[in-house]
Amino acid sequence: MQVSKTKTTAVTGPLVVVLGPSGSGKDTLMSYARDAIGDRTDVLFVRRAITRPADAGSEDHIAMTDAEFDAAIDEGQFSLTWAANGLRYGLPRAIETHLAEGRLAVVNGSRGAWAIIQQVFPSAVAVEIRVDPEILAERLEARGRENALEIEARLARASALESRFDADVIIDNSGEVQAAGAALVAYMTRAMLVSNRD
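At the far end of the sequence shown sits residue 242, using this note's numbering, and the numbering has no gaps.
Treat the hints as calculated values from the structure; they're not laboratory data. Mixed in with the good hints, there may be bad ones.
Stated by the list, open to error - Beta-carbon label-pair distances, calculated as ranges:
(1) Ile117 to Ala159: 19 to 25 Å
(2) Ala159 to Glu119: 23 to 29 Å
(3) Gly146 to Gly219: 33 to 39 Å
(4) Asp114 to Leu237: 39 to 45 Å
(5) Glu182 to Asp99: 22 to 28 Å
Predicted model, so just to flag it, every value in this text is computed and none were measured. Don't be surprised by glycine CBs; every beta carbon is placed ideally from N, CA and C.
Build the full structure now, drawing on both the sequences and the hints.
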C-alpha cells in the first residue's frame, strides 16, 4: 500500500472512520446512518475520490482517471491519498474545514491506511465492521466480482488485517442490517455529544 499525506489544519471534530473487509457492508451501513440522521449540516458523509468508474461498486464516490487523480494531487485537493487493490483513493480537503468547526465527519476508510489516517487526522476514531468469515465468503461470492482464488485471498487479507489495530468500537454485521446500522448511528451520536461538550 502506498500512502501520501499533506499537512492539515488543526482539527477538533471527530472523524469516524468505518473500517472492515470488502463485503462487510461498510457502504450499506453508512447509507443506513445517512438516512437515519437526515439532512444535518453538522454531519458530513465524505465522498472519496477513487480511480474507478462511478458505476463500479456500491460506494457513492468521485470517479477519477489516474490522470485526473494526479492533477488533483498537484492542485492540493486531497488531505490524504493511498493506493490499494490496484486503485487510488483520496480524501478531499473539505474534511479539514468541517472538522475544524467542531463537526463530525464519517468516511469509508482502509485498515491498511489506518495508521496514517490517525497521523493526518488526530481526532479520527475507528469503527470496525466485522462479519462471520463464512457469511463474508458468501457475500463476496454473491456479488460476482471475484473468482474463488481472489475471494480466498480477500478472506486471508481480512483475517491478517484484523489484528493490526485496536478499534474504538466493533460492530458485528453478520445479521440484520438494521441492528448493525443502529449501532453505527448510536456511536456517531455519542461522538457528537462528546464533541459538543468539549
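We went through each hint and held it up to the structure:
Separated by about 21 Å at the C-beta atoms, Ile117 and Ala159 satisfy the suggested range of 19 to 25 Å. In this structure, Ala159 and Glu119 meet the distance hint of 23 to 29 Å, their C-beta atoms being roughly 26 Å apart. Between Gly146 and Gly219 the CB atoms are about 34 Å apart, so this pair conforms to the stated range of 33 to 39 Å. Our hint of 39 to 45 Å for Asp114 and Leu237 holds, since their Cβ atoms are close to 41 Å apart.
Taking 22 to 28 Å as the suggested C-beta distance range, the pair Glu182 and Asp99 conforms, at roughly 24 Å.
Violated hints for the displayed structure: none, as all numbered hints are satisfied.
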